[in-house]
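The listed protein sequences derive, respectively, from chains V and E.
Each residue of the first sequence is one higher than the one before, starting from 0 at the first, in numbering that gives the first Met the number 0.
Each residue of the second sequence is one higher than the one before, starting from 0 at the first, in numbering that gives the first Met the number 0.
Hints may be right or wrong, so weigh each one.
Examples of chain V residues lying across from chain E (beta carbon under 7 Å, computed) [stated by the list, open to error]:
{"id": "1", "residue": "4"}
{"id": "2", "residue": "7"}
{"id": "3", "residue": "188"}
{"id": "4", "residue": "189"}
{"id": "5", "residue": "262"}
{"id": "6", "residue": "273"}
According to the in silico footprint, chain V covers these stretches of chain E (three or more CB under 8 Å from chain V) [stated by the list, open to error]:
{"id": "7", "region": "62-70"}
{"id": "8", "region": "113-124"}
{"id": "9", "region": "696-705"}
{"id": "10", "region": "766-778"}
By construction, these hints were calculated from the structure, which means they are not laboratory data.
By construction, the Cβ of each residue, glycine as well, lies at the ideal position given by its N, Cα and C atoms.
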Amino acid sequence: MFPAQLTYHRAGSVAEAVQLLSDNEGAKLLAGGHSLLPLMKLRLAAPAVLVDIGRIEALKGISASDGGITIGALTTHAEIASSDLVQQNAPVLAEAAALVGDPAVRNRGTIGGSVSHADPASDQPTVLTALGATFNVTGPGGDRSIAAADFATGLLENALNDNEVLTSISVPSVPSGAGSAYVKFSHPASRYAVVGAAAILSVSGGACSSASVAVGGVETKPARASSVEAALAGSDLGDAALDAAAAAVGGDLSGDPMGDVFASAEYRRAMAAVYVRRALGAAASRAG
Amino acid sequence: MTTRIFGSGIRRREDPRLITGRASYTDDIKLPGMLHAAILRSPYAHANIRSVDASGAAGQPGVVAVYTGEDTDGVLNGLPCAWLIPGSDLKTPAHPPVAKDKVRYVGDAVAVVVAESRYQAEDALEHIAVDYEPLDVVINPKAAAQDGAPQIHEDVPNNIAFTWALAGGDTDAAFADAAVTVGDTITLQRLIANPMEPRSALAQWSAATGELTLWNTSQNPHIARFLTCVVTGVPEHKIRVIAPEVGGGFGSKIPYYADEAITAFCSMKLGVPVKWTETRSENYLITTQGRDHIEEVEMAATSDGVITGLRTTVYAGLGGYLSTASPGVPTILHGLMYSGPYNIPNISGTVYGVFNNGCPVDAYRGAGRPEATTLIERLVDLVAAAVGQDPAEVRRKNLIPKFENGHDVATGITYDSGDYESALDSCLSAAGYEALRAEQAQARADGRCVGIGVSSYVEICGLGPSQVAGAVGFQGGLWESAIIRFYPTGKVNVMVGSSPHGQGEETTFAQIVAGEVGVDVDDVEVLHGDTDNTPMGWGTYGSRTTAVSGAAIAVAARKIKEKSRALAAHLLEAAPEDIEYEDGRFFVRGSPDQHKTIQDIALMANVAWNMPEGMEPGLEASAFYDPPNFTYPFGAHVAVVEVDPETGHIDLQRYVAVDDCGVQINPMIVEGQVHGGVVQGVGPALWEGAVYDDDGQLVTGSMLDYALPRADLLPEIEVHSNSTPSPHHPLGVKGIGEAGTIASTPTVYNAVMDALRPLGVTRVDMPLTPEKVWRAINDARNGG
Ligand SMILES: Cc1cc2nc3c(=O)[nH]c(=O)nc-3n(C[C@H](O)[C@H](O)[C@H](O)COP(=O)(O)OP(=O)(O)OC[C@H]3O[C@@H](n4cnc5c(N)ncnc54)[C@H](O)[C@@H]3O)c2cc1C
Chain V
0 MFPAQLTYHR
10 AGSVAEAVQL
20 LSDNEGAKLL
30 AGGHSLLPLM
40 KLRLAAPAVL
50 VDIGRIEALK
60 GISASDGGIT
70 IGALTTHAEI
80 ASSDLVQQNA
90 PVLAEAAALV
100 GDPAVRNRGT
110 IGGSVSHADP
120 ASDQPTVLTA
130 LGATFNVTGP
140 GGDRSIAAAD
150 FATGLLENAL
160 NDNEVLTSIS
170 VPSVPSGAGS
180 AYVKFSHPAS
190 RYAVVGAAAI
200 LSVSGGACSS
210 ASVAVGGVET
220 KPARASSVEA
230 ALAGSDLGDA
240 ALDAAAAAVG
250 GDLSGDPMGD
260 VFASAEYRRA
270 MAAVYVRRAL
280 GAAASRAG
Chain E
0 MTTRIFGSGI
10 RRREDPRLIT
20 GRASYTDDIK
30 LPGMLHAAIL
40 RSPYAHANIR
50 SVDASGAAGQ
60 PGVVAVYTGE
70 DTDGVLNGLP
80 CAWLIPGSDL
90 KTPAHPPVAK
100 DKVRYVGDAV
110 AVVVAESRYQ
120 AEDALEHIAV
130 DYEPLDVVIN
140 PKAAAQDGAP
150 QIHEDVPNNI
160 AFTWALAGGD
170 TDAAFADAAV
180 TVGDTITLQR
190 LIANPMEPRS
200 ALAQWSAATG
210 ELTLWNTSQN
220 PHIARFLTCV
230 VTGVPEHKIR
240 VIAPEVGGGF
250 GSKIPYYADE
260 AITAFCSMKL
270 GVPVKWTETR
280 SENYLITTQG
290 RDHIEEVEMA
300 ATSDGVITGL
310 RTTVYAGLGG
320 YLSTASPGVP
330 TILHGLMYSG
340 PYNIPNISGT
350 VYGVFNNGCP
360 VDAYRGAGRP
370 EATTLIERLV
380 DLVAAAVGQD
390 PAEVRRKNLI
400 PKFENGHDVA
410 TGITYDSGDY
420 ESALDSCLSA
430 AGYEALRAEQ
440 AQARADGRCV
450 GIGVSSYVEI
460 CGLGPSQVAG
470 AVGFQGGLWE
480 SAIIRFYPTG
490 KVNVMVGSSP
500 HGQGEETTFA
510 QIVAGEVGVD
520 VDDVEVLHGD
530 TDNTPMGWGT
540 YGSRTTAVSG
550 AAIAVAARKI
560 KEKSRALAAH
570 LLEAAPEDIE
580 YEDGRFFVRG
590 SPDQHKTIQD
600 IALMANVAWN
610 MPEGMEPGLE
620 ASAFYDPPNF
630 TYPFGAHVAV
640 VEVDPETGHI
650 DLQRYVAVDD
660 CGVQINPMIV
670 EGQVHGGVVQ
680 GVGPALWEGA
690 VYDDDGQLVT
700 GSMLDYALPR
710 ADLLPEIEVH
720 SNSTPSPHHP
730 LGVKGIGEAG
740 TIASTPTVYN
750 AVMDALRPLG
760 VTRVDMPLTP
770 EKVWRAINDA
780 RNGG
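In isolation and in its complexed conformation, chain E is listed as follows:
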């Protein structure tokens, strides 16, 4: 047995079952008598529904039932938005699970067929006749906010769902006085999350007990239960939500969707289990997308490159409806991070949340922070170019100096701890920055187009505290809870309300318990995902699972330890204050031979033959943990690219990441998160983008057109880390799930722009596809 397990890069216990295909996902679950649903989806991005005639489908082979919006109306409630940003004049137009009068994006649900097989259900969909009256369509979020744009919701003028403003310092004065001002318009295109497992829902209604069981691909089963209650009216305690193995989410499995409500409706109507599983094509059309920002941004600086102000106007596309958390993403998770790792005394921003005729937009890995980091890092590079200094040096002179316990920034938030300059230094030295610049100079002299991108970042994660959640309109708490239960044999269950789905917390949470009370890591099993056997919790997103749920486990484990110490004292006939603890053993100070192991204690507590006066039997503890602040991981990344000016192809040649997420529980898992995160941010810089045509049809509707990152297009990702503990977290950890994605988009973007600068190219929209780069080069050559 070793207790050094905390902090070591042990292998993920999840992996054998995942890699060998033995994990059980929602779609793997088959119940007796189960029927299958297929959902008819609008082929129009914007249209009035004149009529729906489902009679043709009813008699098709295998068809058991067909329902339309007429049937669900008044039975299912509308889908709620759960992040109601205060002071933003937020409009929350109705979002019926099945559209009855109007459709607002391609994929909006119009009818559902329930049949004995999915094939039969799909075939029957073709027999439903819908009479649409097509309406004008708008996709671009800035265009959607203009006068005269097609009106998507009756009661939302100019499609503006909310206007959120942020001001710190005196930005106008800063710009008026500035020696240098730079500006740009940055597009952060729509992204499709592409979890390996599409979404799925299996609903089982028991008329006998009035209980609804919902197996669902959710990152937050307790929220899913709460919202299932809101939408179906089944009381919360009669709903059990089970998120079995969930094959990735990246934010897209946070929201509560029409599909699970429809599936529950069908089961409740028919009294048998009903399953619906998304096809990949549906996933592209209806599962929430990310980003969709148009950002008009400016930075003010002194002639020496000291940043004095930042000003933004952002149009954030929301899609046809508000998704569960969508208003919070381009505001709280975005605007509040405008200072980045820099001292920027004057900051102001306005964010328009705008409906457009695309798939609803919600959190996607990084959620708001890549959109902030990209604009900041782009502007810092423009300042560097304007003052003729090295971009790394301009960063260095503006970084907030090292702090260990709290630093206030102009946006009104307080970073927990940071050592940004050390991260930058580590990254520059790991990359060999000076040598790279020398090689670049040589390459340029040889007529080659080589670029180096640098970025520094800090991000906000580990969401809560709950008080702040409430203050910013989040309709829930952001604490987590954990139960640690010892059995007589010394084996342990840990039950958490968060819901890991690929991140590896079954391993790291066991490492926390092993580290705190000295049990063997293999003696600890982590349970999550089932609302019936886990305590309440708010779920896995925002890099909060280890930061918040992990803290709850640490606190509960410390309670276990204190009870164990008291019981050991009783059994060893010593005073509790004379009991020392080391590596899972409690012993009388000075006589380590006189000891009880944690297993001895667990056995005695469970049989309770000999307990101290007043001590309850059992060895179990629970903790509710509400963090006092967010955590703020940070780092610096460097990328090297070469552009082929003849074709516009970009070759990403090196990528160096230094991230600081505080104390690391398992460095291998941290490295894996950074690795995947970096790649997920490189994607949008170079390849990825959901494109809708003018009619609102998704042009990149499959993996044939939507270019996900591929291993052979990427260099080895060089991952390094520093460790600056969070001052307020019981274990000193911060989140690491999103850091890579937040940093890598601007790093690669800046590298490409650095490569193109000598050619006179000043702007190219992401993704930097070969044709766009080729055109930008040609335009610049032609004096454009």
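So that you can see chain V by itself, here it is in the shape it has in the complex:
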């Protein structure tokens, strides 16, 4: 529990953070520290340089933007859980934020750190995938955007270059009248998601007019459940329709299955269908 020797810098701005990353090979950004510091204490990570972005005001807060909201990378889970803007535009994000870890984790952990860490057992990456969010990034060459579905590239790997900073996340508002839900199978020890499922459903004239579903925890990155979405399209969202749609999630899980001593790959796959079904049920009951 004693991290290796390192050099610590505090960045005053995004530009300075980008500069420090560029100047120090192998440097790591430090946000809330709730994912990075445990790794360092276990000496599973030993960055020679830490660039603390925790006090950059420009990275904090939630604001309304065109067609949705923009969430600064340093916004904590607790802030998201209690934000009216989030509640109005993407309530499923607040629902998931409230299920992250425990109060201490929610007060320190940030959404930017959560998605950048790209731990498949995290909650928000799954929800942001279902929401079709966009990640805004600044690097030495300027700004760019990355779609949520493309951001995680594998287990603890993301699409950022070594000298890029995730600055904010743009979340489109869910369609008015849509019902959404995030349900989670919490690991009894860590509270991370063994399986997490997010669903956003809209109904029009008694039929499902749009469906967006994602599932996390099962593979090395969240999966958009397009087979489930296809099965839902035009359905009446009754029990039989939801059962059939949830069962289709197997078709969306072809990639790298994960398993561990607590939950095998086979079990996670089975639970994906169960939790997708529960998310669909909850979302359908809220739609209208």
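For chain V, the structure is supplied; the task is to place chain E with the ligand on it using the hints.
Frame of chain V, contents of chain E with the ligand only:
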């Protein structure tokens, strides 16, 4: 001033300092010139050490010294095992504090770096090169005992450290004649104790005086001093062990570890204080774990559900080495309790103590008794199912009838007092058992998977007597002593050799003194944990502190009272037999106005201006108390669960406990002990388990994977109690530290199995994690 304080649920005086973070633990202590040790640990579970090259670490920043097994060999003695079970062919292979030739579990110490800061010491560890030759690994204790298993110690064939057998009655005949026999294989998985405070040692050697002071996270500082003497060779009277605030132990701070020996070695080499504090990761790897049983068990009964016999074969994993008390746990503290609260005329058992390539196993809250109670209670449920009767009724018909002073059971021990049926009745009525069964029937009809678990238990605690300790090979005594010292102002110090570390005895011991001699409870301060200012004692474990140390205090307090009576008689110019006592006042019979308070007496005894002929000055008494028997608390618990068959999740919905620990000194503390104990036993039923992979790597190496119980996963624990005094204890008390843990594992396990029975599930190993339950349900559905 009130003397009604004995028996009342006053708040714990320990809590303000603990809750506000003002307590001082070993790691809080900083001495001038103190250096820090970090220990290099084997990454292999089983390997020969070809070479250790520590030269790379020596020049690292801040590094003062690096030592390996070459340095400690011949200077430090091996770590002793202190429970040598007779008649078991016990092997005690060498346990060097620093491994030199071979490592036997992940975490075995290989080298130590002493540096100016812990960070520097940790960084330097990475510069020590060890050449290992990995060997085959075995973890499962039954597999370890088979021919051809990797041999962990040269001189221990089949890794069997001991074979302990128990026989009472004629078990073979009982099984041959039985109308009903049931059997099961029960795994009690390894558990990690997880005290909030990890272990720590701070050693200060004084070359000038030849004295060694060791601050140590110990449940038994006097034993730690004794074993420090054995391992370091420093004479016992030149060693002072101080257990300052100790943040929980649950048994894991009973043993004497390599780490404190290494820390002492470093201080003695360097002549400066050296501190080592365990990281949480180290705690998971090296601090003794609990249980690790594979139990093959059978019960015989009549067609009416009357139990006639019990037979067991148990493989008890010991880890890579014998820990201080490990042989006694799966034998004396386990097998002797096979009768439970029942009349079982024929009992036999064989326990194999088996080395395996895991962390050493030793006492963990309940120590041996949860392992016994679980197998008994599981079998009783199987008998109930086999004869088609309600599990509570089968228990009732087999319970030993009420007894007040001694009952012999087939394992050869004598329970002190018991009223098991009343405990069962109280629990069933508190739980509303009949209504619960009706609700369950309805729930099942609705397709829900609801289960009710019942268990009755009795446990053995309050360890000694010393004579028995000797007879069963415990290399020490099991008495306790106390000194009560009154000062001129009437204030009191109580000094004890036991060493409470969270259980609340600073409060209850003061209540005992207040109750006996009528001082205000706040005028009594209880001192413990420092071998220099406390009398000899054997420590805090086995729910013995109140039962044994508390008895010593009561006896000493009664001596104080008798001396006070004699002095009061002298001062009041009356005959001692005419002096009456009430609420801290001594008065002449019939004239309560003519009195001396205990404070008056304390003042006079201390100034000694006017003492009776031949009476020594001072008001101080000591007592050595060796109990005539163990104490045997008991009770009955009920749990209600609902299983989600789609996921295998278990929802523990209700938990009702009725415990009988005799007379209660402080009911609030009793309730707290039961509450925590219950939770600590629910953990292994549902969540907890230390898992090693085939290479002997601890897979559940942190709190990320090792699932401790959490408040939001538990219902309100409904705690009730009965009171059947111990006939032999001066205050009638029994222990309550472990009762909850002993009862709750089988109660919850039985509840889940009850829920799953209609689905055809007959076996699931603990912990009952969702996947295991889900698989068991699917297998049963598929006819498996
Ligand atoms: C006990 C515990 C329980 C937890 N339970 C859950 C849970 O149930 N669900 C869940 O989803 N999470 C859980 N977490 C994780 C928690 O949500 C994350 O720690 C947190 O969201 C990560 O954010 P952080 O600010 O702490 O990141 P840090 O730890 O500071 O950083 C994490 C990684 O992201 C990088 N990084 C951080 N910010 C940026 C940025 N702006 N741009 C680029 N890279 C960046 C860092 O360099 C580092 O590699 C838990 C954590 C703990 C300790």
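Each hint tested on the structure:
1. About 6 Å separates the beta-carbon of residue 4 (chain V) from the nearest beta-carbon of chain E, less than 7 Å, and the hint is met.
2. For residue 7 (chain V), the interface hint is violated, the least distance from its beta-carbon to any beta-carbon of chain E being 14 Å, above 7 Å.
3. Annotation: residue 188 (chain V) was flagged as interfacial toward chain E, and the flag holds, the nearest CB pair being 4 Å apart, inside 7 Å.
4. Annotation: interface hint on residue 189 (chain V) holds; nearest CB of chain E at approximately 4 Å, less than 7 Å.
5. At a threshold of 7 Å, the smallest CB-CB gap from residue 262 (chain V) to chain E is about 5 Å, leaving the interface hint in force.
6. A least Cβ separation of about 5 Å between residue 273 (chain V) and chain E falls short of the 7 Å threshold, and the interface hint therefore holds.
7. Coverage of the region 62-70 of chain E by chain V is violated. Counting CB-CB distances below 8 Å, 0 residues qualify, and the rule asks for three or more.
8. Coverage of the region 113-124 of chain E by chain V holds in this model, with 4 residues showing a Cβ closer than 8 Å to a Cβ of that chain against a need of three.
9. For the region 696-705 of chain E, the assignment as covered by chain V holds, since 7 residues bring a beta-carbon within under 8 Å of that chain's beta-carbons and 3 suffice.
10. Taking a C-beta to C-beta cut-off of 8 Å, the region 766-778 of chain E contributes 5 residues in contact with chain V, enough for the three needed, and the coverage statement holds.
Checked against the numbered hints above, the structure breaks hints 2 and 7 and satisfies the rest.
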